[in-house]
Amino acid sequence: MNAGVGYAALIGVFAVTAVIGFFGLRISRTTEDFYVASRTVRPWWNASAIGGEYLSAASFLGVAGLILISGSDALWFPIGYTAGYLMLLLFVAAPLRRSGAYTVPDFTEARLESVTARRVTSVLVVMVGWFYIVPQLHGAALTMSIATGLPSWVGAVAVAVVVCVTVVTGGMRSITFVQAFQFWLKLTAIALPIVFILIVMGNTGLSVPAVAEPFAADPVASPAGAYRNISLVIALLFGTLGLPHVLVRFYTNPDGPSARRTTLIVLGLLSVFYLFPTLYGVLGRAFTPDIATGGTPDALVLLLPGRLIPGLAGDVLTALVIAGAFAAFLSTTSGLVVSVAGVISQDVLGGRVRGFRLAAVFSTLVPLVVALLTESMQLAGSVGLVFAFTASTICPLLLLGIWWRGLTDAGAIAGMLAGAALCGGSILLGRALGPGAGPMADFLAQPAAWSVPAAFAVMIGVSLLTRNRRPAGITKIMTRLHAPERPQAAPTR
Amino acid sequence: MSAKDEDRLSPADSRSPQDRPGPANQDRLNAEDAPGKTPPRRVRVTAPRSQASRAPSGYPVAREVAEQSEVGQVFVRSLIRSQLRLAVVVAVGFLLILLAFPLLLAWVPGIDRAALLGVPFTWLLLGVGVYPLIGLSAWLYVRTASRNEARYLDLVEDE
Chain A
1 MNAGVGYAAL IGVFAVTAVI GFFGLRISRT TEDFYVASRT VRPWWNASAI GGEYLSAASF
61 LGVAGLILIS GSDALWFPIG YTAGYLMLLL FVAAPLRRSG AYTVPDFTEA RLESVTARRV
121 TSVLVVMVGW FYIVPQLHGA ALTMSIATGL PSWVGAVAVA VVVCVTVVTG GMRSITFVQA
181 FQFWLKLTAI ALPIVFILIV MGNTGLSVPA VAEPFAADPV ASPAGAYRNI SLVIALLFGT
241 LGLPHVLVRF YTNPDGPSAR RTTLIVLGLL SVFYLFPTLY GVLGRAFTPD IATGGTPDAL
301 VLLLPGRLIP GLAGDVLTAL VIAGAFAAFL STTSGLVVSV AGVISQDVLG GRVRGFRLAA
361 VFSTLVPLVV ALLTESMQLA GSVGLVFAFT ASTICPLLLL GIWWRGLTDA GAIAGMLAGA
421 ALCGGSILLG RALGPGAGPM ADFLAQPAAW SVPAAFAVMI GVSLLTRNRR PAGITKIMTR
481 LHAPERPQAA PTR
Chain B
1 MSAKDEDRLS PADSRSPQDR PGPANQDRLN AEDAPGKTPP RRVRVTAPRS QASRAPSGYP
61 VAREVAEQSE VGQVFVRSLI RSQLRLAVVV AVGFLLILLA FPLLLAWVPG IDRAALLGVP
121 FTWLLLGVGV YPLIGLSAWL YVRTASRNEA RYLDLVEDE
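From first to last, the protein sequence lines stand for chains A and B. Residue 390 in my numbering is what sits at position 390 of the first sequence, and the numbering runs on without skipping anything. Residue 24 in my numbering is what sits at position 24 of the second sequence, and the numbering runs on without skipping anything.
If you are wondering where the hints come from, they were derived from the structure by calculation, not from laboratory data. Ideal Cβ placement from N, Cα and C applies to all residues, glycine included. You may find that some hints are simply not true.
[What the hints assert, rightly or not] Away from chain B, derived, C-beta distances all over 10 Å, residues of chain A:
1. G4
2. V16
3. F131
4. D315
5. S382
6. T466
[What the hints assert, rightly or not] Label pairs and their computed distance ranges (CB to CB):
7. G425/A to W107/B: 30 to 38 Å
8. L433/A to V88/B: 52 to 60 Å
9. T116/A to R81/B: 28 to 36 Å
10. R469/A to Q73/B: 18 to 26 Å
11. L103/B to V195/A: 28 to 36 Å
12. T293/A to W139/B: 39 to 47 Å
13. T296/A to I97/B: 31 to 39 Å
14. A106/B to P151/A: 43 to 51 Å
15. L433/A to A150/B: 50 to 58 Å
16. T116/A to V119/B: 48 to 56 Å
17. A226/A to L155/B: 45 to 53 Å
[Unchecked claim] Here are some of the chain B residues that sit facing chain A, going by a computed Cβ distance under 8 Å:
18. V128
19. A138
20. L140
Using the sequences and the hints given, assemble the complete structure.
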């Protein structure tokens, strides 16, 4: 690949991110500006920003790569990513906004009136954030080495530096604009090349012959395969509503109804976006199956336009895809850094803007070091594990906290710890045993199907045993969470 | 408070600066009125972030009172119940249809070979067909949830 094209794309994305971040800086002044954009973000902006933040390396590169290697089974990934937002809309969006808390730990403290429960939640949120940043940086490393031929660590470091600078200077407000812009950049970057390829195919036929049947019949679904798919869908459905960087976005809606409207728009945006990685996967199976055997299926989206369209047009389209991929790493990473830094600064450093900046630097550095020390695995797969972890810890806390008066602080802590131990332990055990796990391998590698119900059961059980610990102000809290805030709310707008 | 009372109260009345909207302004006025006194030091008034804006501005006191009453709590509980029932119905409905897809593909003979414009039915269903279903569920939910809230507001405001 032409390295000049790669450099041009990278410099373009970094420069635009910095410029928008800088203009955001000029209007962000107070602590509220920094954390939640003063809650003045309109639904369309907010929805684009959520889309921008959510569509990570796994969505932009990983889904297509997975379809390339495992065919129609991989279609469950985008379904789960999108349907997770449906669950968020149904169970969390409006009440969470009405809680008035800024972060998940804030919500925990307000709902359970317990500082210990708050601390446990904070630790989990920080862990989830860091686990999720690492695959983003791996994706950046892969893309950088493909785009420019530089050693792969350069990509991870470049993304970390740009994110750090944007977050430290602008906070959430500029992040909102950057994210919204990056959603549309990502959508253009993934849609234009594939549309172009399809038009060329329709008009002239491609010079590259199809070497394989893209929809080759998959092997008959085994029980193990069915378990994997079900467990994956559970992780994605319930993991989305616990993701801290997604949740922090809901505080930027003016009220509950607009939080719902935002989620509705997000669902539309995601549905359109995920058609394209699927198309890449299908075309990849037909024309370039060698990318899968070459060991880097995640690079499919980056390589396909150049392979199918020769000459300048191919170079331009490749540049566009590279820009889109970096937009994905930047936006997801900065969203995560904002939410992790928000939690750290508030719990450890006193909640001032200065503390937030310090925390932002710290919360970029830790995952960067981890990313540089670890080997990259399949992007979509490793992000799926993070979803399983949030689904087993933060999801039960939110669902029971919002809808069940009986949740106590002891129950919440026990449930979260049990979920974290079961899910994390099982993934680690599966990794340690490797092929030695035999028939248990799937149960260990995809724990969500049993670890999520287990976490719920522990949370409910311990809460029932500690009934006397129900917070005194529960009536008032439940009213605040569910009563609509505008006296004359129009039914639908 | 009558107009006369208002006159009698100096800007530096007994209320603490925190209760006033603009403590800095009050301090300045205070200093001008009594030039002999040194102006009090500016105090930065902060609150823990977690407490901020938990009461949305514009939340009517009358409504807050109505909601805390026994009847009000009945309304709140019934609102929560109806919203939860709605969310669970939509979620379960959606999941059942989603679950039906693989079952359909596994059990209906020949469907794995059916194709539209060369694209197998499996791929169309999972790659495209699920998304309108998600959108439809979401739209139905938002419409009904807003109606539940409007009905609740009618009840509370009648109280």
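Hint check results:
For G4/A, the condition that its CB be more than 10 Å from all CB atoms of chain B holds, with the nearest at approximately 35 Å. Look at V16/A: its CB is around 30 Å from the nearest CB on chain B, clear of 10 Å, so calling it non-interface holds up. F131/A, annotated as away from the interface, keeps every beta carbon of chain B farther than 10 Å; the closest lies near 25 Å. Non-interface status of D315/A relative to chain B is upheld: no Cβ of that chain comes within 10 Å, the nearest being about 29 Å off.
Consistency note on S382/A: stated as away from chain B, and its beta-carbon is indeed over 10 Å from all of that chain's, at 22 Å minimum. Distance to chain B confirms T466/A as a non-interface residue, since its nearest Cβ pair spans about 22 Å, more than 10 Å. Taking the beta carbon of each, G425/A and W107/B are about 37 Å apart, inside 30 to 38 Å as hinted. Checked against the hint of 52 to 60 Å, the pair L433/A and V88/B fails, with Cβ atoms roughly 38 Å apart.
The hinted window of 28 to 36 Å between T116/A and R81/B holds, with their beta carbons roughly 30 Å apart. Separated by about 21 Å at the C-beta atoms, R469/A and Q73/B satisfy the suggested range of 18 to 26 Å. Range check, L103/B to V195/A: about 34 Å between beta-carbon atoms, so the 28 to 36 Å window is met. The hinted range of 39 to 47 Å is satisfied by T293/A and W139/B, whose Cβ atoms lie roughly 43 Å apart.
The hinted range of 31 to 39 Å is satisfied by T296/A and I97/B, whose Cβ atoms lie roughly 36 Å apart. At about 47 Å, the CB distance of A106/B to P151/A agrees with the hint of 43 to 51 Å. In this structure, L433/A and A150/B meet the distance hint of 50 to 58 Å, their C-beta atoms being roughly 55 Å apart. Checking the proposed 48 to 56 Å range against T116/A and V119/B shows it holds: the Cβ atoms sit about 54 Å from each other.
Checked against the hint of 45 to 53 Å, the pair A226/A and L155/B passes, with Cβ atoms roughly 47 Å apart. With its C-beta approaching chain A no nearer than about 7 Å, V128/B sits inside the 8 Å limit, and its interface hint holds. For A138/B, the shortest C-beta to C-beta distance to chain A is roughly 5 Å, which falls under 8 Å, so the interface hint holds. At a threshold of 8 Å, the smallest CB-CB gap from L140/B to chain A is about 11 Å, leaving the interface hint violated.
Comparing the model with each earlier hint shows violations of hints 8 and 20; every other hint is respected.
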